[in-house]
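Enquirer: Top line first, the protein sequences correspond to chains A and B.
Per our numbering, residue 2 is the first one in the first sequence, and the count goes up by one each step.
Per our numbering, residue -11 is the first one in the second sequence, and the count goes up by one each step.
Think of the hints as simulated: they come from the structure by calculation, not from any bench.
Don't be surprised by glycine CBs; every beta carbon is placed ideally from N, CA and C.
Any given hint could turn out to be false.
DSBU-like, lysine-lysine: derived pairs with alpha carbons at most 30 Å apart [as the list claims (entries may be wrong)]:
no., chain 1, residue 1, chain 2, residue 2
1, B, Lys150, A, Lys326
2, A, Lys377, B, Lys206
3, B, Lys209, A, Lys331
4, B, Lys294, A, Lys422
5, A, Lys316, B, Lys150
6, B, Lys206, A, Lys316
If we take Cβ atoms under 7 Å as the criterion, some of the chain A residues that face chain B in the derived model are [as the list claims (entries may be wrong)]:
no., residue
7, Pro330
8, Lys331
9, Gly349
10, Ile351
11, Phe354
12, Asn363
13, Ile372
14, Thr374
15, Arg378
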Amino acid sequence: MDENCLLELKGISKTFSGVNALQKVDLKIKAGKIHALAGENGAGKSTLMKIIVGVYQPDENCGEMKFEGKIVQHASPQNAQDLGIGIIYQEFSLIPHMTVYENIFLGRELRKKNGLLDKKAMRKKAIELLSHLGIDIDPNAKIVELSIAQQQFVEIAKAISLKVKVLILDEPTAPLTPVEVENLFRLMKELRNKGVGMVFISHHLEEIFEIADEVTCLRDGQTVGYKTIEDLDIKELIRMMVGRDVSQTFPVNDVAIDYTSRPLLSIKELQRTNHTPKVSFDLFPCEILGVAGLVGAGRSELVKALTGADSSVVKVIEMNGETIKVKNPKDALDLGIGLLPEDRKTQGLILDFSVEYNVVINTLKESLNNIHTIRKRSLSVRTKKQIDALGIKTPSERTIVKNLSGGNQQKVVIAKWLSTKCKILIFDEPTRGIDVGAKAEIYELMRRLTRKGMGIIMISSELPEVVGISDRVLVMRKDNIVATLTKDEITPDRIMEYAAGAKGGNNAQ
Amino acid sequence: MHNSEVSNGMKFNREKFVHYITSRPELLSLCGFVILCIFMTIVSDRFLSMNNITNIARQVSINAIIASGLTMVILTGGIDLSVGAVMALSGTFVAGAMLNGVSPIFAVCIGLAVGICAGFINGFLVAYAHMPAFIVTLAMMEVPRGIALLYTGGYPLSGLPKSFSILGRGEVLGLQTPILVMFIVYIFVYIILNHLPFGRYVYAIGGNEESVRLSGIKVNKYKMMVYAMSGLTASISGVVLSSRLMSGQPNSGVGFELDAIAAVILGGTDIAGGKGHIVGTLIGALILGVLNNGLNLMGVSPYSQKVLKGAIIILAIYISSSRQKKQ
Chain A
2 MDENCLLELK
12 GISKTFSGVN
22 ALQKVDLKIK
32 AGKIHALAGE
42 NGAGKSTLMK
52 IIVGVYQPDE
62 NCGEMKFEGK
72 IVQHASPQNA
82 QDLGIGIIYQ
92 EFSLIPHMTV
102 YENIFLGREL
112 RKKNGLLDKK
122 AMRKKAIELL
132 SHLGIDIDPN
142 AKIVELSIAQ
152 QQFVEIAKAI
162 SLKVKVLILD
172 EPTAPLTPVE
182 VENLFRLMKE
192 LRNKGVGMVF
202 ISHHLEEIFE
212 IADEVTCLRD
222 GQTVGYKTIE
232 DLDIKELIRM
242 MVGRDVSQTF
252 PVNDVAIDYT
262 SRPLLSIKEL
272 QRTNHTPKVS
282 FDLFPCEILG
292 VAGLVGAGRS
302 ELVKALTGAD
312 SSVVKVIEMN
322 GETIKVKNPK
332 DALDLGIGLL
342 PEDRKTQGLI
352 LDFSVEYNVV
362 INTLKESLNN
372 IHTIRKRSLS
382 VRTKKQIDAL
392 GIKTPSERTI
402 VKNLSGGNQQ
412 KVVIAKWLST
422 KCKILIFDEP
432 TRGIDVGAKA
442 EIYELMRRLT
452 RKGMGIIMIS
462 SELPEVVGIS
472 DRVLVMRKDN
482 IVATLTKDEI
492 TPDRIMEYAA
502 GAKGGNNAQ
Chain B
-11 MHNSEVSNGM
-1 KFNREKFVHY
9 ITSRPELLSL
19 CGFVILCIFM
29 TIVSDRFLSM
39 NNITNIARQV
49 SINAIIASGL
59 TMVILTGGID
69 LSVGAVMALS
79 GTFVAGAMLN
89 GVSPIFAVCI
99 GLAVGICAGF
109 INGFLVAYAH
119 MPAFIVTLAM
129 MEVPRGIALL
139 YTGGYPLSGL
149 PKSFSILGRG
159 EVLGLQTPIL
169 VMFIVYIFVY
179 IILNHLPFGR
189 YVYAIGGNEE
199 SVRLSGIKVN
209 KYKMMVYAMS
219 GLTASISGVV
229 LSSRLMSGQP
239 NSGVGFELDA
249 IAAVILGGTD
259 IAGGKGHIVG
269 TLIGALILGV
279 LNNGLNLMGV
289 SPYSQKVLKG
299 AIIILAIYIS
309 SSRQKKQ
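Looking at chain B on its own, in the form it has when it is part of the complex (with noise of 0.2 Å):
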């Protein structure tokens, strides 16, 4: 009797253990990048020095900030590809507005400004042009790049302010500024996400648009809103990277929309949208960049890296569908 009591608690316990995994799946990539860094411990002395953990979170850091704002565009079921053609702009029009005599808090405002602007175009489109997302910003990866080619002549611009380099490689607090612009970002987006009605249009969005029309809510509005700022986060990204680089390089961020899809996924977020979290976003970038420098400091070739990245995105976009068939 007292047994099988017993057994049943435990039973209890374990259907409710698994239903709440299954609801949190930002909770299954923190296990999957827990378990990849004890294997990276594991294999490599030198992955747990405190040297190697600040370049990690460093690198990370721009992958992170592009795919915050592409979170919340994914949330609404949506997908934004400019991503890094918007940052290669901001990144060259920071760095060209400098060059121009343009103070630099003054040039990384017209930089994010002009990200935002980009973003706004992608929302227009598909939002009140009813455009496919996929094929406007696949459009707008080509026309912001053609732009800071234009601009640029095709060459970095280079010789930018000293005071510049703060933003990329400064320290505040001890916490090198490109990590800490990463926290201050994901603050403000968890908070938009959780605690205002925006974000909370962006996931309902996501789960049932008509309804939420109906509902009397101007979906138009807030689905175009979600593109700005994912131009917002690219170009914040932009601007950290050119201070990184101390300039402004056209041919930057190419490719980066990638990684950053493949973070939101890695971190549980449904590609169909609706359902996701910002926190796992943050795990996606942190699971890619350790993979990134794991690997590296395991000697695997680049070649290698690219099969066996492409593999694990694929494997966590069975574990997601596949959780979507059971319920």
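Pulled out of the complex, with its shape left as it was, chain A reads as follows (with noise of 0.2 Å):
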């Protein structure tokens, strides 16, 4: 077909047990051009990337992969790479205390005749690939004396020697600066004109508009949209990206919150590091506040320092009006504020051991008898009262919490801080990987909670979750709040814009 077509996905899709990653994805990735592919978190961008370099196999009889117009099927990714796709990671995979030089010839080292390492040919070789691409680094110098930016700019380099012909950048600009990102930029389009085919991945959408030739836009595993760079401006684009239908119910709150009153905390000032903006918000009581935000916004990290299970340069917190001093989670129990971390099975969970055990674990001291120890009786029969009240399906209290489903594994997480006296809860990514029914059941749960005069710190990465539960937005980008949206000023769209960087401006530093 197209003269310079690379790599054609047609009709691609991907089941992990059960669930739809992608469904009939087509892509095309050109020679000498770069194709942006936009999409919310979740949207199965990585899932496609890890197809393309082999890491994941498509579901069988279920469309085909053709590179140069042949129909390739690699089994792993070093199939890949004997093709000619590279990728360049989040994660960089250089070794830190290795050289630029040793790096880019790992696995494939030059050699004298008598079988010693020829370093002076490789240094030679380094030096003409980096001249080459017009890259200016010492080969001499060791990867962790090297910034982030030159240490992907080495990578760009492996990559480059080893003659691939397809690259994908996966979110190459979030860790740089933005004179960082012009050279990235500059260099991207010194490979175009070699005519290699890329793939950038970014959520910042201004940047796909200042470098890509086409974009592919995937929403909840299905291509939405193929357009080239001139057919489209950002607000169609974000329309593409959140276009869907937010047709689930939410529960409606039915408090009024008075925001005249004295919130329930303030955080006056919060400093994480010292290379990050201090922050500052209030949550009333009744209120479920979101903090939506794209990955790497600095969410978690928000609520980690808030709570004291991260450190923080500058805190003042008010609670009900009074000054609070949280430096470790068991300040913050004391005070009655938990977290309920975003990866329950390493943060929140105790995977193999008991729903009680899991349930009780931070307040076995409301269960001590007079000479000290533990009435097992009341532990049992205190997690039995939260298993009928969250409706947590287990055979019994005894239950390993690893056997249980991820929905059921959360309301533990939930009933843990139920039996404490906490009057904050913040609720971190509370309905990644459940079904539709167990998210139900814990917005259900939040707003009953609120009822009670409850406050509730919502980070979700979901827009429609956002959108749908929250009574103000907060919006971060790069460790700042970019805005606070109240209830009708929240839309996807807004939230989008705010989060990408399209409005409020680069007022980060």
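Build the complex from these two chains, which are given one at a time in their own frames, with help from the hints.
Expert: This is the structure in structure tokens:
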């Protein structure tokens, strides 16, 4: 078909244990073009890239992948690399304490006739390669001595030395400063002139318009649009990315929130590190405060610093008008602030332990008898009460948590915090990896809690969820709160505009 | 019809039984212990004599006491290699105190306090300075022993008051005191691990430290306490041994940490933490004791005994890690 079409995907699908991650996705990568892949968190971009580079295999009898006109099926990343498909991951795969040239030639070192390493030849070739790409880096430098941007260039140079024809850049600009981004774009243009086909993934939409030639948009694992950059503007792209029916019903807030009253929790000043901005916000009783933003915007980090789970440089917090000190999660617990962490498996639960154990772990002291030993009856009574209240589907309170479904595991985490006397709960991605039914139950539960006067902060990467349940929304970008949207200002487009930096400017520094 | 129902019922029970056994590895250790005892009874007619049994129990007690505190450390996912050295330190200090005219009871308190201090240092470095337990306690194998050698000048301190001998050589209610001390220590550790919040935190930290920390529990504090407990049990053992030998020996306890770790592992405690039972450790120590004693009775050379003991420990770890994989 197309003369210059390098890689063509047609009707690619991928299912993970019954869940459709990708459904009949099409993608065409042409030589000498930069192809942007847009989509929300969880739209399937990473899965698609992993299929292209052979980390995942697509579902069988479902579509085909053609490389330079020939149907290919790569079974491993090595296969894809041999064909000439390279990827620059967000996490670099360089060896930190080895030099630039050693990294470039890792696994295919040049040798002298006597079998020893020919360092001189490798150095010379590395210099040639780097200058060919217009990269000014000393090949003898160790990787640890380089900046992130320089390391990225080394990764790219390494890929080019492997003779890649298709290069995938997964969020390459995320860790870079604006100047470094400019340099990266210059290098990408250089590669484009040399005929390399590139896939560019970025959450920053303005970057797509700056560098890309074509855009494919994914939503919920499906291709929703393919356009050349000339036929597209930023509004249109956002509509393509988020434009689904917000058909899920969310419980309505029937309690009026008095925003003139004293806040439940008032973050006067919170600065995580010397390099991040100071932020401040309030949480009112009966309120669900949504926190939106792209992955890496610093949302989880903010609440972890808030609850003392991570350190911070400046922290001035008031609770019910009184200044409080939260040095560690124990202080937070004592004050009635609970954090339900984003990853239930590694942070929220002790997977190999029973439901009961997980629910009562931080309230054991409430079940002591007068000689300070644990009343085991009381533990199981309390756990059973929570199991009934939250409708946790478990054979018994002694069941190992690992054996429950994701939704029920999340309810166990919630049960743990409801057993405490917390007045403020912070939910970090409360519905990640949970089926629709359980999601609805968790929304309902959150509302029920706020009706009792509790305040909830909810971090979520799922826009419909943020829009559906929040009373107000904080939008974060680059560790800063760039917008606070009130109930009637909350729309998916507006959140996305602020989160992606199309609006609100670059006031991060 | 009737037949198949019966077989179904049996199958169900067997599955339940297998599940029960695998979730309680200490039962497996108990089976191993019983089989070992039966074997020894068959090959040696002296094995089952009352005299020999009390002998084994007394020999086991020193290692078992060390292993009880070590079990707590290993349950949190840590390790304490310094127990042998701490034991020697406490043993020499208790002897030295008495030689300086301190009453035996008070001297014992000094010996135990020294052990707790050494444990706190371990715990502080591991929990608050975030240093790897293996390396910290490896280094702390040297420091306490060095202090013990400095303090004694390298010679055993003997000439201790007669009343002190009750701890190692005496009898209470017809039971030799080291055995009695061992039982008391195990009862205490059992209560701590199973009936106090502290014990539950010990298991939880081994299960998922980050989750426990985010739940608002002071993980560091409890981790430090666990090492202090291990220092305490090591020093109890050191004091008992001093009393048994009626001297403070700076070179005692060399290599005891390996026997103690072996007892914990043979008792079914997961070396990665989170899973295990204190009774299992007692059984593990008994297995080692019976093995030592039985092989001696059979006239197996000490060199071959070392090979056999190592092989049995490897087998125990193999069983434990293959069980992990299945889950």
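Enquirer: State the violated hints by number, sorted upward, taking the hints as numbered earlier in the document.
Expert: Violated hints (numbers, rising): 1, 4, 5, 13 and 15; every other hint is consistent with the structure.
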